[in-house]
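Residue numbers (the numbering used here), protein chains in the order written: chain A, 1 to 751; chain B, 1001 to 1156.
It should be emphasised that the hints constitute simulated quantities derived from the structure, not laboratory data.
Since no wrong hints were added, every one of them can be taken at face value.
With a straight-line cut-off of 27 Å between C-alpha atoms, the simulated DSSO-like cross-links for lysine-lysine are:
{"id": "1", "chain 1": "B", "residue 1": "Lys-1040", "chain 2": "A", "residue 2": "Lys-280"}
{"id": "2", "chain 1": "A", "residue 1": "Lys-249", "chain 2": "B", "residue 2": "Lys-1030"}
{"id": "3", "chain 1": "A", "residue 1": "Lys-104", "chain 2": "A", "residue 2": "Lys-176"}
{"id": "4", "chain 1": "A", "residue 1": "Lys-176", "chain 2": "A", "residue 2": "Lys-152"}
{"id": "5", "chain 1": "A", "residue 1": "Lys-208", "chain 2": "B", "residue 2": "Lys-1030"}
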Amino acid sequence: MKHIENVSRRSFLKKFGMSSTALVLGVQLPSMLTIPKALAGVTSSDTFSPSVYVQVSADNIVSIVVHRSEMGQGIRTSIPMIVADEIGADWQKIAVVQGLGDKKYGSQNTDGSRSVRRFYQPLREAGAAARMMLQQAAAEQWQVDVSETLAKNSTIVHTKSDRVLTFGSLVSAASKLTLPKQSDLILKAKKDFNLIGKSDVALVDGKKIATGQTTYGFDVELDNMQYAVIARPPVLGAKVKSFNSDAAKAIAGVIDVVQMPDLEEPALFKPLGGVAVIAKNTWAAIKGREALDIQWHESAHKSYNSAEYKKALAESCDNPAKTLRSKGNVTQALVDAKQVITASYYVPELIHVPMEPPAATAHYHDGIFDIWACTQTPQSAQGTVAQILAVAPENVNINVTLLGGGFGRKSKPDFVVEAAILSKQLNVPVKVMWTREDEVKNGYYHAVSYQKLMAGIDEHNQVTAWQHHVAEPPIGSTFSKGADLIGSEASLGLVDMPYDIANVSCAIGKAPAHTRIGWMRSVTNINHVFAISSFIDELAQAKGVDSKDNLINMLGSDRKIDFAQENADYSNYGETLEKFPVDTARMKAVIEKASKMAKWGRSLPKGHGLGIAMHRSFVSYVACVVEVSENIDGKVKVHDVWMAVDCGLAVNPERIRSQMEGAAIFALSLTFYSELTAKNGVIEQNNFDDYQVARIADAPTTHVEIIASDAPPGGVGEPGVPPIAPAICNAIFNATGKRYRELPLKKYGIV
Amino acid sequence: MITLNINGKEHQFNDDGNMPLLWALRDTLKYTGTKYGCGKGLCGACTVHVDGQPVRSCVMPVSALANVKITTIEGLSEQGDHPVQQAWQDLNVVQCGYCQSGQIMSAVALLEREPNPNDKDIELAMSGNICRCGTYQRVKQAIHLAADLATEVKGS
Chain A
1 MKHIENVSRR
11 SFLKKFGMSS
21 TALVLGVQLP
31 SMLTIPKALA
41 GVTSSDTFSP
51 SVYVQVSADN
61 IVSIVVHRSE
71 MGQGIRTSIP
81 MIVADEIGAD
91 WQKIAVVQGL
101 GDKKYGSQNT
111 DGSRSVRRFY
121 QPLREAGAAA
131 RMMLQQAAAE
141 QWQVDVSETL
151 AKNSTIVHTK
161 SDRVLTFGSL
171 VSAASKLTLP
181 KQSDLILKAK
191 KDFNLIGKSD
201 VALVDGKKIA
211 TGQTTYGFDV
221 ELDNMQYAVI
231 ARPPVLGAKV
241 KSFNSDAAKA
251 IAGVIDVVQM
261 PDLEEPALFK
271 PLGGVAVIAK
281 NTWAAIKGRE
291 ALDIQWHESA
301 HKSYNSAEYK
311 KALAESCDNP
321 AKTLRSKGNV
331 TQALVDAKQV
341 ITASYYVPEL
351 IHVPMEPPAA
361 TAHYHDGIFD
371 IWACTQTPQS
381 AQGTVAQILA
391 VAPENVNINV
401 TLLGGGFGRK
411 SKPDFVVEAA
421 ILSKQLNVPV
431 KVMWTREDEV
441 KNGYYHAVSY
451 QKLMAGIDEH
461 NQVTAWQHHV
471 AEPPIGSTFS
481 KGADLIGSEA
491 SLGLVDMPYD
501 IANVSCAIGK
511 APAHTRIGWM
521 RSVTNINHVF
531 AISSFIDELA
541 QAKGVDSKDN
551 LINMLGSDRK
561 IDFAQENADY
571 SNYGETLEKF
581 PVDTARMKAV
591 IEKASKMAKW
601 GRSLPKGHGL
611 GIAMHRSFVS
621 YVACVVEVSE
631 NIDGKVKVHD
641 VWMAVDCGLA
651 VNPERIRSQM
661 EGAAIFALSL
671 TFYSELTAKN
681 GVIEQNNFDD
691 YQVARIADAP
701 TTHVEIIASD
711 APPGGVGEPG
721 VPPIAPAICN
731 AIFNATGKRY
741 RELPLKKYGI
751 V
Chain B
1001 MITLNINGKE
1011 HQFNDDGNMP
1021 LLWALRDTLK
1031 YTGTKYGCGK
1041 GLCGACTVHV
1051 DGQPVRSCVM
1061 PVSALANVKI
1071 TTIEGLSEQG
1081 DHPVQQAWQD
1091 LNVVQCGYCQ
1101 SGQIMSAVAL
1111 LEREPNPNDK
1121 DIELAMSGNI
1131 CRCGTYQRVK
1141 QAIHLAADLA
1151 TEVKGS
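Let the hints inform the model, and build the full structure from the sequences given.
Right, dumping it as structure tokens:
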């Protein structure tokens, strides 16, 4: 194939509905050892830093700090769009700077779908303050009123005279001005946005990724660096009894073998323990580890066997320990019902499998840790290293690399601590890499769950009772040894069941954890919504009504729900109900939109079926319709997914669409393929052959529409996941008449 | 001692001949564009070309690679303007990007063999490349776009 030259890209781009004016800009990735320590409100004669997020320099470059971790959601493009738009910067004249872990930025914990949700306003204010100061500096130079000036293309323009001053030329003067008060800031009007809400912005890292020039956690290379892999306990909490490293040390390239500190539960973000092999390259380290002979003490968690555990969860659902939402009298309503429907749902333990497993490089010198890591949470990494290695947090520098996927795994900095421990002990830079097997067998898992639902339908064909019992080991067990009841998970699709039913009860059973339980993209919304949205569909069938009509009907009147009125403690993703209400009108709007996109109600080819589901999570609303077919061999294929999303104001619509496309695939993987099982406390799966995820032939065409909205921006990275699995199962029911209540579906032989 | 020809440049490799090419590239020769994903030839993140054929470098021992031409993502084009690289950028294909070196190397090999592939051809050729972010739809679109771009170059 030839290189391309002198070719108009316009026609091709048009063909794919893309703008021909895609904006591309220079990128500054964290390069080794040259990361600016800060853009920290420091002012000097040649730079102007009115906030920690933005700096203008005399060479007319606007540097924008991205303090959140890039893991595929596009935040290294979206944050600069917000700041550059508000300050009035020329997109070609900005530099994107990855922020170090530092509490001055506010939260850097890049999970919970909250980068734009939490920082849209502060970032706009940072941009507006900088712009207003530059305007003021120009107005003073021209001796005109500041209202006669505006910012455009990294210049300040005097509108009456068309005089122009570059940002760079105003740096010195602007630096001497007082920062405007927050209440005096004038933010741009929506009609004046030239980046926010636009779909033609090219990814800032797009070219570097396409040419292999980026640095992920795995790619960090330091002078004299050594490479480490660690043999971790096969069962959580198992300690090293003894080990023989002679054979490992005999392998060419192996430098050392080091026992890691044993883990004392709770696991928190501490390393798991085990034995590390340090070598001059990864291959030698892996071979060395294979040659280790380790004897382990027994751990109480060896009692964990998936088949028995599933039965115990089912029994726990029958004996709930705590009621978390209670409205009316469900028991009586079930007695009075004309028809009682029951169903049980099971979703297995799952793991993130980001394409890049965890990796971190630490260099301990002069009492300081310089660390490079693919972490979602640099401040927590800093704090955990500081605590465990007994140094002050300010002596721990966390450089955030690109993340080769995160999905919640890289919110836990255990792997960063491992690198810090080894570098300090060996007094050299050390890169710790997790192999795929390590990642699968020693993760922070999405909890296995069993759920029992019961509903009553009265003589008017109305659902009058809803009872939902859940048993799943809690994330709290990772932080508090022995915790066996869920807490925050209840607000993720359990107590926030939005359907308007007179009598409701949500309760939880005990479930002791035997592995580290953590967050995985959309967390327990995955399993709770699989159950709720499947069961709602089963109720439509019991009532003999259309699935979509049933959803609209059961949502009841347009209203804003306060679950506290029903004795539920609902956390609303940390937001107030005033700013982010639970709005049934918006739920109906996404259902109507997705239905229209899919032409719900049309006649379908033989063997085809449509399924629908809706859920609000991370304060955004997503409805989806899925079309599936069953072939003559009984194999199911997902053809199309139509998703309607209302995430409030859409900052970067192009990345919102890509997140929805990706969420559909992520959910398709767990719907059809993914399952972890434990035997005597050991996770039985190893790699992509026995822990399967979707491949290209499985991929449907995903169509995404974003509801136009001026509501505050909501979450985007996770809300696309929860409704997909139930929509697929609802579609399969409509195609085949078979109702599947346990995931993954491969166990039924239909893929 | 094995001489490795990588992106047109010769390197003397002095280590364990059983070492998979992936680690020789990354750790010894510092070509970090080729990624580790599974170490078992299951995910395609480490795909490189050996004499133009797509190969999983994580299971290919260095000892088998004397007298062949190895191409990595860094050697695909001088300016990052190979039609596949261009199509990838034009359609904003990537999310996290980690698997994309391998996706691009597989796509290039497909187009070398079949300049105008249909969806089935693409699904077959790309079936060994996992993308956990779920960019498959755009990968497919971008391969079609790259085919068009390359055709236009030839025709112009």
